[in-house]
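Reconstruct the complex from the two isolated chains, following the hints.
These protein sequence lines map, in sequence, to chains A and B. Residues 16 to 1020 in my numbering are what the first sequence lists, from first letter to last. Residues 384 to 686 in my numbering are what the second sequence lists, from first letter to last.
Treat the hints as calculated values from the structure; they're not laboratory data. Be aware that a few hints might be false.
With a straight-line cut-off of 25 Å between C-alpha atoms, the simulated DSS-like cross-links for lysine-lysine are [as the list claims (entries may be wrong)]:
{"hint": "1", "chain 1": "B", "residue 1": "K410", "chain 2": "A", "residue 2": "K676"}
{"hint": "2", "chain 1": "B", "residue 1": "K670", "chain 2": "A", "residue 2": "K754"}
{"hint": "3", "chain 1": "A", "residue 1": "K754", "chain 2": "B", "residue 2": "K685"}
Only part of the chain A face toward chain B is listed, based on derived beta-carbon distances under 10 Å [said to hold, decoys possible]:
{"hint": "4", "residue": "I682"}
{"hint": "5", "residue": "E696"}
{"hint": "6", "residue": "V737"}
{"hint": "7", "residue": "G746"}
{"hint": "8", "residue": "A771"}
{"hint": "9", "residue": "A773"}
{"hint": "10", "residue": "S774"}
{"hint": "11", "residue": "K777"}
{"hint": "12", "residue": "P789"}
{"hint": "13", "residue": "A790"}
{"hint": "14", "residue": "P860"}
{"hint": "15", "residue": "L866"}
{"hint": "16", "residue": "W935"}
{"hint": "17", "residue": "F937"}
{"hint": "18", "residue": "D938"}
{"hint": "19", "residue": "I941"}
Label-pair restraints from in silico Cβ distances [claimed, not checked]:
{"hint": "20", "chain 1": "A", "residue 1": "N483", "chain 2": "B", "residue 2": "F503", "range": "55 to 63 Å"}
{"hint": "21", "chain 1": "B", "residue 1": "H635", "chain 2": "A", "residue 2": "F651", "range": "55 to 63 Å"}
{"hint": "22", "chain 1": "B", "residue 1": "G482", "chain 2": "A", "residue 2": "F1006", "range": "39 to 47 Å"}
{"hint": "23", "chain 1": "A", "residue 1": "V497", "chain 2": "B", "residue 2": "L408", "range": "43 to 51 Å"}
{"hint": "24", "chain 1": "A", "residue 1": "E782", "chain 2": "B", "residue 2": "L394", "range": "41 to 49 Å"}
{"hint": "25", "chain 1": "A", "residue 1": "D481", "chain 2": "B", "residue 2": "S626", "range": "58 to 66 Å"}
{"hint": "26", "chain 1": "A", "residue 1": "E898", "chain 2": "B", "residue 2": "L394", "range": "27 to 35 Å"}
{"hint": "27", "chain 1": "B", "residue 1": "R458", "chain 2": "A", "residue 2": "D938", "range": "42 to 50 Å"}
{"hint": "28", "chain 1": "B", "residue 1": "L394", "chain 2": "A", "residue 2": "T891", "range": "28 to 36 Å"}
{"hint": "29", "chain 1": "B", "residue 1": "S626", "chain 2": "A", "residue 2": "F637", "range": "36 to 44 Å"}
{"hint": "30", "chain 1": "A", "residue 1": "N918", "chain 2": "B", "residue 2": "F503", "range": "44 to 52 Å"}
Quick reminder that beta carbons are idealized off the backbone N, C-alpha and C, glycines included.
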Amino acid sequence: MEYFLICVLAVLLIILWKNTSTIKKRLDLLETSLRQAGTAIPEYVPGKNKPRKEAAAAPQTAAAKKVEPETPARMTGPEVKKPEPVPVRSEQKPAAPKPESPASLLWKKVEKQFIENWTGIVGAVFLVLGIAFLAVIAALRLTAEYRFAMILGIAALLMAAYFYLRKKEGWLRIAAILRSIAGAIVLFACLGAGVIPGLQFIENETGILALIGAGVAFNLLLGFIGPAQVFASFHVLISIVALSAAPKTPVTLVIAGTVVLLGIAMSYRNPWQYHLLLTLAGYFFYHIYWYQVYVEPSGLALYSLPRMTGIIVTAVIGIAACLVHYRKSYADREFAVLPFIVHLSNWFFMGISFVFYATGSKWNTVILAVAGIAAFALSRRAKVLSIRWLKVTDTLVAQAMLIIAIFTLKRWGAESLLVTGALYLEVFIFLALMVLEKDRVLRTVGVVLHYLSLSLFAVNALAIIDHNDLNGQIINSIAVAVAILLESVFHVYSVRRPGDQIDTVNVFKRDTRTLDLSVGGVFIGALGIVLAIYLHRYLWSGAVIAALLIALILLRQRIQSMGLWVGLLLFAACAHFITWGWMNDLVTRKLLCTAVEGSPMIEMPLARLIGPAALYGAALFFSALALMRYSFFDFFKKHITWPGVYLFTLHLVLYLMFITKPVSTFIPAVAWLTASLLYLELAVRMNPGAHEPGSLRAGLARHFILAGYALIALFAVRHVTVHLQSELFIGLAFGVEIKLRLLIEGYAILALAYWASASIPKKGISEKIEKIHPAVWEVLIVFILMTVALEVPSAWHPLAWTLMAFMLYGGGLIGEKTLSRFRFYSILLFLTAAFYVAVISGTTPTPSARLADQPWVCGIISLAMLLGYAVMYFKTKGLADVEYPWNVKALLGLIAAIHRKKNIWIFYPLIIATALFFYWSFDRAILTLLWVAEAFAIFILSLALRESHFRFVSMGALGLLVIRIIVYDLSQSGTITRALVFIGSGAVMLFVNILYNKYRGRFEK
Amino acid sequence: MNKLRLILTVLLIAAGSALIILLVLVKPKTPLDHTYAPAFQLLGRSTKTLDRALTRVIPVNEVDEARYGEAIAQRYESPNDKKSPEGKYLNDLMKDISGFKKKKFAYRVFVVDNAGPNAFAMPGGVIFVTRGLLSTLRSESELAAILAHEMGHIELGHCFDAVRFELLSRKIGNSPLWQLADVAVRLMLRHSFSKSQEAEADGYSYDLILNTDYTPSAVGMAFTSFLEWEKKEGRGGGRSRSSMMRDYYATHPDTKLRAEKYSEQARIWWKKNRGEKKYIGAENLKKLTAYGTKKFEKEYVKK
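Here chain B stands alone, though its shape is the one from the complex (with noise of 0.2 Å):
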């Protein structure tokens, strides 16, 4: 017994000795010093899916959330929505990716006037984009991963879960109240799981990049232009370390980790299918023609 022990220590230390030497001849880094994110995102899971559970007791389905989606969207629609070159392009371009959906309700883009660099979901499938996200991405792909994300956030129910209490108070009556329920869900919890929910998003919106024919890069090179952006304007795309209060209230993950992780991931699939072709887009998102209009052959990479 003590013999097999001693040759298990032996094991277990040469092991560790060899990953040892393998970090060193690799010399892999982190993107932060350190960071709480990830176990604050690891954590938030069990309250998301409790979330999601609550949800799923309480008598609204998608009916509602299309209804509750038109309503936003007529309060937000202008005649000058679908004709500018902008909102043209960005809801011909969601038309090629609502592909995938599996909730019935058309989905709509609608652009807002803000130089920084955002998108954002409506229940419903009312997506808005700013214009600073247009001029900040650097090709069709990472705009697709983008509104991606966005129908993401839809699809798996976030924006659902987040006004479920207000629709609900729409069938049943007594607005306010259910109102102040969605309110104190918020506050109470969602800072928990947010993070969740956003790297959730992250992947439905990998997973679908994969089944189009951008490229699976597209996901990564897009929070890479985000970084770049930040770095641009000063808001902290340098930031090596993390605060444990910060992580906790943070709504997304690090950029900084997100791209690495997606970028990793798109690394491993161009090593599993060499020779693939998949699409990129610059020229697409320059002159604002979507993809299924239009194909640039220049625009197909290889890696």
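For reference, chain A alone in the conformation it holds in the complex (with noise of 0.2 Å):
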């Protein structure tokens, strides 16, 4: 006993200084108040200034009140003297005081509560500690009537108590806490008479019952003529608490209903939120552990009487608390947290009540739709009163509600498609009604449920998608459908009203229509795909996914709607994937889909799915052609064309792949460089020059242009890849047969020619078409090599080059102005064949025995050649103003190298070459004549183009070959080689001579 009065001092002790520390932060705050207003503090000294009694019923100005002590504590502090006022000055306008937070307030409103009546309720806490430990100690040694006599008596004394003191100033409080006090003790008694072991003396459940039913009323009468409502919820609680403790029947329930029916009844006549919320959450507990008590393990029939109460009781609280909101008082109320928090409570604690009861019988759908429904013309209610909080809390509930009904309706063996898009409509419906109420929180919560909604449905008919079920197909495309249809009307009416930002998201924050992007567009490309996906495996599928893309693209041109466009890209792309990938399942798998007729898939020749591909792919590209057409936005002031170019153009590289592939794998290749000529030829004849540069033909003419530069590309990359493999010979007329690479070949570089030598137009094209579209030619000119490469016998690439070099200087001279580069390509081809010729002609053997075969057969005409090449440079221009498209300083300044020192890179690889062609094709023992011979011909060159350095070169060579003769041929050769050596040697020097002689002028001069 001693412990727990020491225990009882020391939580005074605490509860003392924790008040005391209060009071003296609080006079911190006076004092930091009163010097930020100018005011001198007098100093205190303690004991000087002492409290006055009357200090406490003294009246207070209005500064004083904001800092008067709220408790009895306070009033016993240092007297604070009186600020004098201060006159303010303009210019020291005191800082506005910081809003606080509706948090803040709800905080401070909470503590105040607390502060007020903490003595009170901690007062009467003990005092009935007191009394239960007075009567367990009486207990021990009275009769049970006795004790609940005694306890009544001490309740009665506190009541005499009361009646004596409330009429004394200032005691009017202390009056109710000790009233209060007595109500419990009453409570208590009774309680203590029916069910606490020692102070009962009731058996009979009734009584029992009656008992505390009347501690209970007699409570619940205090709580009602109580002063504030902390009396009113100390006797709800306590009652309740009662309550818990007395036997669980459905009796017991009700009173326990009853009473919190009186507590809220309590709210109707005060707005007593604090008294609400705690009374509410009594009853919340309260039922959780009668159910858990006595419902749950029981187990009960559903509709039993008890589970009824329950239903019953806690629906009548609930609707009870619910209207307590709806009444004039909150009427044009701003927002206001705590009625809010309580009301949303309320909802809460229904909700959670009721899941106990909840016996998965379809029939709460029709209970859930009501009940909703019902909320929902509650808050409608709300609205009339102004209530707006209230409106946007019942509204919600009730969409809750409602929403829950929907998905209850897979009790009723509703498919998931029904109850997703029971739902969709459902939210639609809602959103549509807040949408026309204009109330924007509303509406935000309503469109992110719509497109939640349509996300589920549209997710859940992928997931159920069966497409050997035809009647599933039919009806979930026809739903499909319709939310499409749904999705366009309501993005026409949100497009149609820009301020009110229904469903828009503006991307790149700024303030223009254009650029916002509307929600709803994307979702309807979305749904879009979902029927694409569900249709395409009909052929005739292609045209109806064709028909509606070509109605969006109308109607995002129509109502200009950036999200439509997104949502438009995002179909178009989607159902071209699924056209592509089932049109090459058809021709692959050589499948081909009747479930229109009953049988899912039957295997069909390829011959006869070839031309329903085609058909199911072709409707594609009118939708492509409607997104060229139909591509001008406001916003931009010109046409985006690009889009419907490379769609339709990567649609028509993969059809013509498709569908012509599986008859032979050149087809495809062949028609897109076809195509890329009609490409090119749609571009010139588009005449771009001579519209605006935003212009529709503008635009396509770019674009044309560029997608016939991918479909070359591609040609060449199929090109390599799939027809370098074949030597397949293919028959033409007559008899003759000719390579089929080489047919291809022969068309590509005619096409490539074609399009090197269009004339791009100057105006309306970018510049950076007119900076490579030179680049043709140069690609012009490695697919010839290439092809040469490939198709001429190695022995005869030398003199290929050469014709090649041959060609390409004269194209560089007669296309003076665009193609002089050309001339310098010719001399690259030209060291390519003299190296040729100088390593490979000569020491590449043959079996054959054909003359043709033969390396050095190719290699002499080469050298031939090549000498000829080499003159006509020198006749020519050789590399002289050679000019490039590009900036390309570093080849420039080769160019320009090779024109300087030309002997060196045209005369000399050339002589060398030949030295080395004989060296490796010919026996050494003419070799010594046949070098006598090419420096003769050296000889020559020097008196025919006048340059002595080559005299020189063949005099030194003729010295060098002279002693060869000595020094090799006399001891290596034959008689008769020898001696046809040195004749034929001899005879060259002596012409040497006589030409020399003959023509010395020319050297001279």
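Right under this line is the structure:
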């Protein structure tokens, strides 16, 4: 016992210390405020300023009220001198008080409530505890009836004290506390008489309930007449606590419900939000306890009395509490956090309580729907009363109930698409109503719910797809189509009301309507994709999807929706992907869907598949064309044609691939190349120069050219990876057979030449294209080189390169303005040919006896041609005035260097190549003779070109050859060979001498 | 000008359309869905040319190669080689074929006990042939085509190019360093042009066969036999797709492509040379008797 008293004392000391700290803080705050106001604060000397008795009762100023101590302890604090009024200077305006947040205000209110009443509450609790202890002590000595009487006597004494003190000035509050204590003691006595061992003397359950009911009634009476909500809450809560100790029966619950209803009724009288919250929470926990102890373990039938009682009592309390806020006293109020929390808590408590009674019955749908509609109707009442927060809260609660009701449709055997569809429609109606009501918060919630429900609908539609279920296919496709229609209507509505910003997101944060991304447009595209996935296996679906795409394209053009543009692009891209995939499946797996006729898939021969597959994919061309044609954007003030052009091109590429590849692997690339010619011609015929840069024609022309390049690139890739491997010959007329690859290469060369020589319009096309386009010539040259390397036998390559060098040089001269760089390329080919002749031609053996197969034959012809090239080079411009359409300084530097030192770059490589060719190709015996001939040729060249250094080289070579004749040929060669070499060399030297003497003048000049 | 251009456009598009129609009518197909091998083969030619040029400037020659071959032959030669029926037959056949050689050393063929069909050439005229090759091929003409292919490697200097630095080292010493140079070239460059060398050797083989009594179809038929063996062994004979990496690192062009190329060339040859008689030699291979030793009349064909 002593320990207990020490504990109580310790608790009281802690409370007193805490209270003193609070007072000190407040005094500090007050001093700070006064200092800020410029008022001198008198020094406080303990004992000097005695507290005056009348201070508590004295009238106070408004300023002092702000720091008025609200607890008895504060009343005993030091006197604070009233501050003198200080003149306020206009230039020293006090800082505006920082507005406090609703949460902060709420906390202050709670704190105020607690501080104002803590002494009463704690006092009452301790008093009851003390009496309880006394009762326990007494219990050891008295009979139960006496104990009951004794406790009631104590309560009576307290009530007497109440009656005495309430009329005394300043004692009303103490009196009220004593009265509440008396009420609690009475309830304790009643409860003890029925259920507490030691105090119990009533065994009859009815009697117990009656006695407890009497105690509860007494407490409720005290709560009703109490001056503050704290007393009301106290009496209601202890009544509930007392009832929780009573036997658990439906009657107990009804009594508890009645108590709570009376507690709620107190909130009707006064706007006691805390009381209402505590009352509802009290009931909530009591009800859970009651349910757990009484209903759940007994395993009662679904519609048994206790369960029904629980449902009805909970519903009545929930409705009663809900209606508390539907009173005019709440009308026209600004949003208040506390009533909102209380209201929401009521819905929460009610919802959780009902969960306990959830039976899984399908009729819950009806109940929930009715409840939802009722809640919605109620929320409209809030609108009439202008209680906006209540309208928002209850509208959302109603919407939640309706959503749950729709989900319970599964209990009626509804399929998931019906459930998600119904949900989508319900949310759509909700959104429509909210849009009409023009409530921004609810409309935003509606928009979010709308897109969530739509996403759920679409995802579910995809999840349940079964291409073998024809009925499901039809129904689901229709459902998706209806959703597209509804979304389109909503989208048009929202886009036409840009000021409302119904479902728009300003992507670029600019104040421009066009750049607002309307989310609905994106969702329309997504739904289109779902529909395409559903239908794509039917041959007619290509046309349907294309028609839908075209309709949406027209709609976008009309309403200028950026969101729909994004959605459209997604839809178009996916529709194409799906179509390509199915076309490929059709022709490669040789499958055809005939689901319309009832059988899912049947295998068919290829020939019968290509036609349907072609028709299937053809429709999408029209959608891409529509995308090109209806591509005007108000915001950009121009046509955006590129998506249409590239989608069309990509579709064309893959369409041709899927349709023609099964027939022959060679066709796709040829078709692409032919298409590129059409693209080019279309671009030229568009005459973009005659139109504005942003016009449809200019846009199309530009992108047609770029797409044409892409087609050429694709041809090149496929040619390399597919055509190059083929060595097939194909029969033409009159029994002539030609290598198929060569035929394609020939056609490609013509097509590339056509492209390269095309006059790209100067106006209306971007500068980039003007820069790129000349490179087609380079592409052509590379392609020809590749073709020659492939198709000409290796032995004849040097001749081929030499001929090409001639052609390029000639081309560079003829097309002086645009193709002068060809002359440089011809030099490269010349050097390649010379190198090949020098190193390869003379060293490549052949088993063939045919003269044409002998590498040296080609070598000699090539050398003669190379010589001709060199002479031509000297006689004409060479590399003078070579220009490039691009900035290639390094290359131009190299060209200039070659031009300056043409002997080194042209003749000497040729001379060396010839010497080496002779060395590798012919017998050593006649080598000297051949080299002497070469030296003679160099001498002739020196005469023809009047270049002395050739003469020096010729003379030097002849000198070395004379040494070789003496040292090598005399010892190694046979007699006849030796004789021939001597004769030949001698004759050549004589000729040199004659010619030199005859044309000496040329060198002297 | 515009009219001329329009006419050209129409003509070109008409030509393209005509080509497409022709393709639709003939329905030609490629052996593989796609392959990068021909492109690598084409690109490899330039590297191969440079590699050959490098050989030309190194002071080693045919005499060095002959010595090298002699050393290899001595290492692998056994007394039974020329006495075994296969060894004798192959060397008899090689003697006939090597009449087309330009290099001055003698060609020798050794039989290797291996079930897979394979043959490979070494510098200095040494050729190894597996027993599996003899059982895989169907006729002597096919065998002759394979031997001619290996001979092509030697004649065209492919084998010589691979050991040129080693040969140089034998001349001037410091062997390990020069051998390392060969290995380095093999590692860095050989992948890029080994397919070109194989294609070159194929071409040599075809040219050689054309100059013999053997049927020009022999080369294509030999590759077809390889394909059948690959298919039977499940070694990718039915492969229809290629990958860039595999095509680059492959030492040989795809057998399907080689088979199609030389079958097609033979078809064209037969078309141009109607009435010609050429030799198959299935019986020769069966009896291991070279064409030069005995000719079977029934082995002559007209197509």
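Restraint satisfaction for K777 of chain A [CB to CB of chain B, less than 10 Å]: violated (15 Å)
Satisfaction of the hinted span 42 to 50 Å by the C-beta atoms belonging to R458 of chain B and D938 of chain A: violated (34 Å)
Cβ distance range 55 to 63 Å for N483 of chain A and F503 of chain B, holds or violated: Taking Cβ atoms as reference, N483 of chain A and F503 of chain B lie about 58 Å apart, which means the hint holds.
Restraint check, 10 Å cut-off on beta carbons, for A771 of chain A near chain B: For A771 of chain A, the interface hint is violated, since the closest Cβ of chain B sits about 13 Å away, which is over 10 Å.
Outcome of range test on Cβ distance (N918 of chain A, F503 of chain B; 44 to 52 Å): holds (48 Å)
Closest C-beta approach of S774 of chain A to chain B relative to 10 Å, hint status: For S774 of chain A, the interface hint holds, since the closest Cβ of chain B sits about 8 Å away, which is under 10 Å.
D481 of chain A paired with S626 of chain B, Cβ distance criterion 58 to 66 Å: violated (37 Å)
Agreement of hint V737 of chain A with chain B interface, Cβ distance less than 10 Å: Because about 5 Å separates V737 of chain A from the closest Cβ in chain B, which is inside the 10 Å limit, the hint holds.
Minimum beta-carbon distance criterion (10 Å), F937 of chain A to chain B: violated (13 Å)
Per-residue hint verdict: D938 of chain A, partner chain B, C-beta under 10 Å: violated (13 Å)
Residue hint I941 of chain A, partner chain B, criterion CB-CB below 10 Å: violated (18 Å)
Per-residue hint verdict: G746 of chain A, partner chain B, C-beta under 10 Å: With a minimum Cβ separation of about 8 Å from chain B (threshold 10 Å), the hint on G746 of chain A holds.
Figure legend: structure checked against the earlier numbered hints; hints not met, in rising order: 2, 8, 11, 12, 13, 15, 17, 18, 19, 24, 25, 27.
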